Amino acid sequence: DAGVIQSPRHEVTEMGQEVTLRCKPISGHDYLFWYRQTMMRGLELLIYFNNNVPIDDSGMPEDRFSAKMPNASFSTLKIQPSEPRDSAVYFCASTTGQSSYEQYFGPGTRLTVT
Amino acid sequence: GNSVTQMEGPVTLSEEAFLTINCTYTATGYPSLFWYVQYPGEGLQLLLKATKADDKGSNKGFEATYRKETTSFHLEKGSVQVSDSAVYFCALSDTGANSKLTFGKGITLSVRP
Numbered sequence: 001d002a003g004v005i006q007s008p009r010h011e012v013t014e015m016g017q018e019v020t021l022r023c024k025p026i027s028g029h030d031y032l033f034w035y036r037q038t039m040m041r042g043l044e045l046l047i048y049f050n051n052n053v054p055i056d057d058s059g060m061p062e063d064r065f066s067a068k069m070p071n072a073s074f075s076t077l078k079i080q081p082s083e084p085r086d087s088a089v090y091f092c093a094s095t096t097g098q099s100s101y102e103q104y105f106g107p108g109t110r111l112t113v114t
Numbered sequence: 001g002n003s004v005t006q007m008e009g010p011v012t013l014s015e016e017a018f019l020t021i022n023c024t025y026t027a028t029g030y031p032s033l034f035w036y037v038q039y040p041g042e043g044l045q046l047l048l049k050a051t052k053a054d055d056k057g058s059n060k061g062f063e064a065t066y067r068k069e070t071t072s073f074h075l076e077k078g079s080v081q082v083s084d085s086a087v088y089f090c091a092l093s094d095t096g097a098n099s100k101l102t103f104g105k106g107i108t109l110s111v112r113p
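Protein chains in written order, with the working numbering: chain A, 1 to 114; chain B, 1 to 113.
Source of the hints: derived by calculation from the structure; they are not laboratory data.
Take these hints with a grain of salt, some might be off.
Said to hold, decoys possible - Under the rule of at most 35 Å between Cα atoms (straight-line distance), these lysine-lysine pairs were calculated in the DSBU-like manner:
1) 105/B / 68/A
2) 68/A / 68/B
3) 52/B / 77/B
4) 52/B / 105/B
5) 78/A / 100/B
6) 78/A / 68/B
7) 105/B / 78/A
8) 52/B / 78/A
9) 100/B / 24/A
10) 77/B / 100/B
11) 24/A / 52/B
12) 68/B / 56/B
13) 60/B / 24/A
14) 105/B / 60/B
Everything numeric in this text was worked out from a predicted model, so none of it was measured.
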């Protein structure tokens, strides 16, 4: 079975540019989570969806960040405009409400903003 | 609110040494408890879980027991290998049906030959 798929794996961009990160959850999973990981702040939950609907976006740092889930098999996290402090590894994870809530993580996207 | 506290790291051990990584939690209700492992350059993977008090989760030689009386879920392994070098995260599920996990800060384990 394919796991959670994220693209791109690495992204290098200049400050001020728009960045779009993509995620395909495991088929049948109805929850999708976006996390950010940095050395300074550790693992942070940014936003999560249930059945394509955003449930909690309190972790989104500011208005420059937005996330969408247009269907059950695809989600995007967009940063516009990007800043150097957004440099981090961004993870997507999914789970099903029928499980004991264990989450399955993608390999992550390493974002570098110069 | 819910929280997970892990011991400070990093931890460096010699191969075949005994490992204990402490984890305590604060939660309302009866959460499920998890240990995740992150190998270099990869995403987090579920290592083991326990869904109710006194349950023992185990996988790959690692064990952890859900202790409600001490609100703990310490990770142990009798003999670590170099391949166990990774970052370990303790986590709990929020009660209710929202599937949200609360993670500890993680601890880096390095095992030297």
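Hints and how they fare:
1. 105/B / 68/A: 27 Å, holds
2. 68/A / 68/B: Violated, because 38 Å separates the two Cα atoms, which is more than 35 Å.
3. 52/B / 77/B: The given pair, whose Cα atoms are some 21 Å apart, holds under the 35 Å limit.
4. 52/B / 105/B: Holds - the C-alpha atoms of residue 105/B and residue 52/B are around 23 Å apart, at most 35 Å.
5. 78/A / 100/B: 22 Å, holds
6. 78/A / 68/B: It is violated: about 41 Å lies between the C-alpha atoms, which goes past 35 Å.
7. 105/B / 78/A: Roughly 25 Å separates the two Cα atoms, so the pair holds.
8. 52/B / 78/A: 38 Å, violated
9. 100/B / 24/A: The given pair, whose Cα atoms are some 19 Å apart, holds under the 35 Å limit.
10. 77/B / 100/B: 27 Å, holds
11. 24/A / 52/B: It holds: about 31 Å lies between the C-alpha atoms, which stays within 35 Å.
12. 68/B / 56/B: 12 Å, holds
13. 60/B / 24/A: 28 Å, holds
14. 105/B / 60/B: Holds, at roughly 22 Å.
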